[in-house]
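Engineer: Work the whole structure out from these sequences, hints included.
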Amino acid sequence: MKVLVTVKEVAQVDDEFEIDGLDVDDRYLDYDLNEWDDYAVEEAVQLSETHDDIEVVTVTIGPERSEETIRMALAKGADRAIRIWDDTLADTEFLDVSTKANLLAAVVEEEDPDLVLSGVQADDDSFGATGVALADRVGFQWAAVVNQLEQDVEANVSNVRRELEGGIEELTEIDGPAVLTIQTGINEPRYASLRGIRQAQRKPLDVQSLDDLGFDDSVVESPVDLTSMYEPESESDAVVWEGSPEETAGELAEFLREQGVVEG
Amino acid sequence: MTVLAITEHRRGELRDPSFEVITAGRELADERGGELHVAVIGGDVDTFAEQCNREGVDAVHTVDHGEEFNHDVYTQAIVAMAEAHEPDAIVMPNTVNGLDYAPAVAGALDRPLVTDAVDFDATGTLEVTREQYGGKVETTVEVDADAVALTIRPAEWPKAEGTGDAEVAEFDVDIDESAVGSTVKGFEEVGGGDVDITEADVLVSIGRGIEEEDNLPLVEALADALGATLSSSRPIVDNGWLPKNRQVGQSGKVVTPDVYIAIGISGAVQHVAGMKGSDTIIAINTDPNAPIMDIADYAIVDDLFDVVPQLIEQFGGDVPS
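Protein sequence lines, in the order shown, are assigned to chains P and B. Numbering follows our numbering, in which position 73 of the first sequence is assigned residue number 73; successive positions increment by one, without gaps. In short: position in the second sequence from 1, add 1000, done, that's our numbering.
These are computed hints drawn from the structure, not numbers from a lab. Since this is a predicted model, take the numbers as computed values, not measurements. Each hint should be verified, as a subset may be incorrect.
Claimed, not checked - Cβ-to-Cβ under 7 Å is the rule here; a few derived chain B residues that face chain P:
| hint | residue |
| --- | --- |
| 1 | 1139 |
| 2 | 1142 |
| 3 | 1190 |
| 4 | 1193 |
| 5 | 1241 |
| 6 | 1300 |
To be verified - Computed footprint of chain P on chain B; a stretch qualifies when at least three of its residues, placed anywhere within it, have a C-beta under 8 Å from a C-beta of chain P:
| hint | region |
| --- | --- |
| 7 | 1093-1102 |
| 8 | 1225-1233 |
Heads up, the beta-carbon is just placed ideally off N, CA and C, and yes, glycines get one too.
Structural biologist: Have a look at this one:
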């Protein structure tokens, strides 16, 4: 059995930052594996540990910088990695859902996995749509926002819980091959061991261009375009208590006593 | 132009986003000058159709198939409706179920999809406002297409009200059962247990800012000193530091205490959805620009590890060493 995990390197923004053009200035960005994808990798690795002959392959659309992040996923137990990138992608300001799904679909067709795991969303642009769009492209079944997975490897059936709003979970059975989008909290992602990090250096990391995947440059063309980025105007009208921690704690304590919500 | 808005129901009731997509759909139809059609798929369609017949709705299409949501049924029904009525825009809720079918609908109809809209302007080329980097920035996304698919963030548009004079009609579609590859086996409520945070008058709520599980005794001491109940944002529960029944937010509990003290919580939209109805919101956070500040009534911009011990002492509690 083969499990393909889509992973993305995403940026976290510092508290203080500046915007340069259509993105936050790189000086204020810290890159890491997308949190949701970390759980997806862990879920795949756990599957491979509890069953024989399961290969875990990761696929990323990302620049050379993201190889460090990809190596961390390999260090946690993925067997090999594919990174999609070339100059055309580097020159594209905004990759829309459809483009990403098309690129990933080409890898799914090439790899022919039995199960695809994807994060619910990416922590940067939070479209939350790539996994299901990918399933649609390749004709797989799917389930969005999965927070528990029991995989029947023999029958390739996924018994999942989907985390709905308001503390309700939906118990659903999905006939594979399927794409599941993985919610945080489904497992406890491990830290990479030193041994894992060493081994990851020797694991295959294959870079594929648009041409390698059988696309020409038009695949990145999209009617959807990012045209501006700005800091939202603060809607805050909070009263800010100022001073030393002792003073601000004092103000808060006085307020709580005045409200009569606490005693003492 | 025609706008098609898709409603959502669960366990016999329409959910609020149903009435929000009607409002947003009407707005979009007004900006372009057109009709608003509303789709009700599955469940008690006649009752739901009546409830959806609000001011500004021109037509309600019902598909009586199944009791609960199934993404294959939704996708097939919406695609068929779109082919029959050719709506320029399909407006869907950016809910867990919305995200389970919207990308498939967009894919099947070959329409561009923009998710999680918080605003839009359709007077010219469609411009959608979205958030990025956890709400730290906003972006404008332009969609230069005649036919689009859009999901809207819950609780951003008001619920449609009034009574409409829409034509309610059953939409005739043959659902291909052989293409339905997922089966819903049931539902389960999670997060029960000893404590009901929805009953608390005062909540001390913690987030990522607490950094480590070892720091929990500090906030527990504060909750004790205040006679308050401890709750948290999602990451604390994901890490297993507190049980699920303490989680405030979209996938956890919706709380409305007299006082909500958010400590080290940035205020992601999913969290805010669960606590914005609190009477008084107090935020303790190092980041003056954190989204939580937008809904806080009072704030301390400082390190929680400096402020919380002082606060415990104010109420005569013991600061854990």
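Engineer: Run the structure past the numbered hints and jot down the numbers of the failing ones, going up.
Structural biologist: 4, 5
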